[in-house]
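Trainee: Quick mapping for you: the protein sequence lines, in order, are chains A and B. End of the first sequence = 406 in full-length UniProt numbering, gap-free, step of one. End of the second sequence = 383 in full-length UniProt numbering, gap-free, step of one.
For the record, the hints were derived by calculation from the structure and aren't laboratory data. We put the CB at the ideal spot given by N, CA and C, even for glycine. Don't take each hint at face value.
[As the list claims (entries may be wrong)] A partial selection of chain A residues facing chain B, derived with a Cβ cut-off under 7 Å:
{"no.": "1", "residue": "Lys163"}
{"no.": "2", "residue": "Tyr175"}
{"no.": "3", "residue": "Ile180"}
{"no.": "4", "residue": "Ala183"}
{"no.": "5", "residue": "Gln217"}
{"no.": "6", "residue": "Glu220"}
{"no.": "7", "residue": "Thr389"}
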Amino acid sequence: MLSRALRLPRAVPLRAVPAAISARSVTTNAASASLSHSVPQSDDERFAINLSDESFETYELDPPPYTLEVTKKELKQMYYDMVSIRQMEMAADRLYKEKKIRGFCHLSVGQEAVAVGIEHAITKEDDIITSYRCHGFSLMRGGTVRSIIGELLGRREGIAYGKGGSMHMFHKGFYGGNGIVGAQVPVGAGLAFAHKYEGRKNASIILYGDGASNQGQVFEAFNMAKLWNLPALFGCENNKYGMGTSAARSSALTDYYKRGQYIPGLKVNGMDVLAVKAAVQYGKEWTAADKGPLVLEYVTYRYGGHSMSDPGTTYRTREEIQRMRSTNDPISGLKQKILDWEITTEEELKKLDKEARAHVNEEVALAEAMAVPEATPSILFEDIYVKGTEPQFIRGRTTDENYYFN
Amino acid sequence: MSRLLRPAARLAASTRAFAKVPAAPSFAQRAAFARPVVFGSFQCRSYADNASGVKEYTVRDALNEALAEELEANEKVFILGEEVAQYNGAYKVTKGLLDRFGEKRVIDTPITESGFTGLAIGAALSGLHPVCEFMTFNFAMQSIDQVINSAAKTLYMSGGIQPCNITFRGPNGFASGVGAQHSQDFSAWYGSIPGLKVVTPWSAEDAKGLLKAAIRDPNPVVVLENELLYGQSFPMSEAAQKSDFVIPFGKAKIERSGKDLTIVTLSRCVGQSLTAAENLKKKHGIDVEVINLRSIKPLDLETIVQSIKKTHRLLVVESGFPAYGVSSEILALTMEYAFDFLDAPAQRITGADVPTPYAQGLEEMSFPTEQLIEDYAAKLLRL
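Can you build the whole structure from these sequences, using the hints too?
Mentor: The structure is reproduced here in C-alpha cells:
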C-alpha cells in the first residue's frame, strides 16, 4: 500500500518541488497551475506552465512532470471544448425536461475537464471507451453536436442513426458508451490488446466510474493487462457517487488509483484540465515505452444527479454541490488562468462562450429538424447483421411482419 | 408463406461486404451439401470405403484443422482461452497450434471468463478476428453478458458502424458423469439473441465447415460443440478436406431421407436419431427423415416445412432443458407454418427438466437415448 512517491528521492522531479508533496492529497482546485515565464506573443508558440504540487498522487510510480507545455491556441481550444460540452449537456437537460429525449440520459456537467484533458493528450489513432456517461467523449472524439443531440432525440441522422440512444455512441477511435456498469473495462483492455497485437504504439483509454470500480471484471481486466503488458490507461472517473452511493459507502478502499495493486497508479486533479492533459500525456509515454498499463483516478464531481430522474440531493447536501460549483469548476478555473496569464481578454472569452452557445443552439435546432427513422421494416431490421451476411429473413412480431432480405 | 419457399441460397446473393464473407462455394456445390444422403448410423464404414478420397476424421481433428487453416489464412485470426496453448486444449482441440503459430496467435488466458471474453470482444471491435474458446459453455455463463451486450448488440446499437467479428466456441451440453453444473445445453440461450449466429455441428464435416464459416463471418458467431462427439470418427469428403471448405449458415442437412416421419435434431442427437431411424426401418419398415439443423440461428425453416409436407409427422429431438427450448421453438414454428400438413400433433424429446444428476442410471433418464427416440417415434406413428 505504500506509495513509492513517499520514498524520496525518486519521487522528486528534476525541478525543485517541496519534499512533502505526496503527503498532501490531490486538490480539486481547478485553477491551481502557475506560470514560470512570460507568455509568448504568438498563438502557436509553446510555453511551459507549472502544475500545482497537489495535482497528482502516485502509487508505485514516479509522478509525471509538474510542467506542461501548451500554446495559447490550445488553452483557448480547451476552454472552448469544455464550454461546448457544458452547453451541449445543458441543451440535453432542457430537451429532456421538454420530454423530447426518451429513456436514460446521464449528463457530465462538472466533469468536462476529464473528457477535454484526455482528448488534448492523445491522437485520433488512440482509443477511448467509457461508460454510459458518454456525450462529452463522443463530442471530443469527433462527433458533432447535431449528431449527438440528434441521437438523444432518436433521429435518423443521429450519431448511431437513432438506434443507440444516450448510452451508445460510436465514432472512429471511440468504442462507446456501454450501458452495463464495468463491462467496458475488459473490452477496453481488448482494444489495447489489438494495438499490441498489430504492433501499434497507441494507447487505449478506458474509463469507468467509482461505482464500477468494484465490479469483478475490472480486476480481471487489470490482471490481463498487466500480465500481457498492454498499453491500457485505466481511468476511474471518481465523481464521488455511484448513483446515490458515496465512494465511502461502496468501496473498502477509496484510493481508486491504488486499486490496480500490481499496476502503478496516478491520482489526478480531474477538475483541472491541464493536470488531466499532463497525466494522460505521461500515461501515453508510459505505454509507448512498453511499460504496460496504469490505473489513473480522475477526481471530479458531477453537479447534476446520476441521471435525469435523480435530483441528486438525497444523498448529498446542496451546500456541497454549491461549493464545488463555485470554487472548483473546471471551466471557471481555466478561465481564471487564461485571464491571469493574459492569454486573452475577458471579452474574447465571452466571445468564445457566445460562439459555443450559438454553435450548440444552431446544432440543436438542426437536430430537432432531423427526421426520425421511418418506422419501416427495412430500417428496423437493418444492421442486426453485417450487410450481405444476413439470414434469409428475420422474424417480426408476427409471421406477417417477417422481413426478407433481398 | 410463399416467401418461405424461396431458396436459402440467396443468403450470399449480395455482393456487398462479400470479401469478408466466407469464400462460399458456388450454388451448385451448396446444393451438394444439402443433397439428402442416406447415411445409416455413424458407425457405418461402407460409406467411406465406397467414395474415393474420403478419409475418417474425428470431430476433434476436424476442428483442429479448421482452426489451423484459418490461423494460416489470416493474420488477424488468433485463438485465446483457458489452456488452449501449452496444455494443448483441455479437450485437445487446439493441439499443436501453439507450436505451429506461436504464442502471439495462441494465447492461454487466466481463468477469468468475463474478463477474457470482454478482452476478445474489444480486440474484435478493433478489427481483429478472435476465436474465443470456452473450456465449456457452462463457464461462459460468467461472461454471457459480454457475449450478448458487448458483442451481439453493438453493430445494431452503433447504427451499423461498429462490427464485431468474433467466434465463441467450446463444448456445450451434457457430458458423462460431470454433474449438474457441467451439463447444461445453452442452445436456446444463445439462439434467442438477435445479432448472434449460432451453429451446432454434429459430424466432422459439420465441425470443420461451420467453424471455418464462423471465423470468416463478420458477425459474432457461437459454435456449440459437444464433448461426447470430439472423439467420434466420421467420413470426411475430399472437398471437405480442402482449406476452402465452408458450410453456409442457415441451411440444414437432410442426413437421411424418408417419407413417414421427420425427425429434426441437432448436435449429438443427430447420431442417436439416425441409429433410431435405422432400427425403425429394420423393425417396422418405416422410413424416417432425419434433419441435422447444423445452424439454429438462423434456422432453416424451409427444409423443416418441406419435410413435413412430405412426411406429415414431426418429432424434434434435443438434449436441452424442455422449457422454452430449441424444440419449443420448432414446434411453435411448425404450428405457424406447417399446421395444415400435419397428420398428428408434432412431438418432442428433450432433456428432462431436472438439474443433471451424477449417478449414471439417473443421468441416463435425463437425456434422450437411441432407444427412447425409437420407442417414442414408434408411439407417434402408432406402430
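Trainee: The structure should be examined with respect to each hint, and the outcome stated for every one.
Mentor: Here is how each hint holds up against the structure:
A distance limit of 7 Å between C-beta atoms decides the matter here; for lysine 163 of chain A the minimum to chain B is near 5 Å, and the interface restraint holds. At about 6 Å, the closest approach between the beta carbon of tyrosine 175 of chain A and any beta carbon in chain B falls short of 7 Å, and the interface hint on this residue holds. Against a cut-off of 7 Å between C-beta atoms, the interface hint on isoleucine 180 of chain A holds, since the closest Cβ of chain B lies about 5 Å away. With 7 Å as the threshold, the beta carbon of alanine 183 of chain A comes within range of chain B, its nearest partner Cβ sitting at about 6 Å, so the hint holds.
This hint holds: glutamine 217 of chain A has a C-beta 4 Å from the nearest C-beta of chain B, less than the 7 Å allowed. A cut of 7 Å between beta carbons decides the hint on glutamate 220 of chain A: the least distance to chain B is about 3 Å, and the hint holds. Evaluation of the threonine 389 of chain A hint against chain B yields a held restraint, the C-beta minimum of about 6 Å falling below 7 Å.
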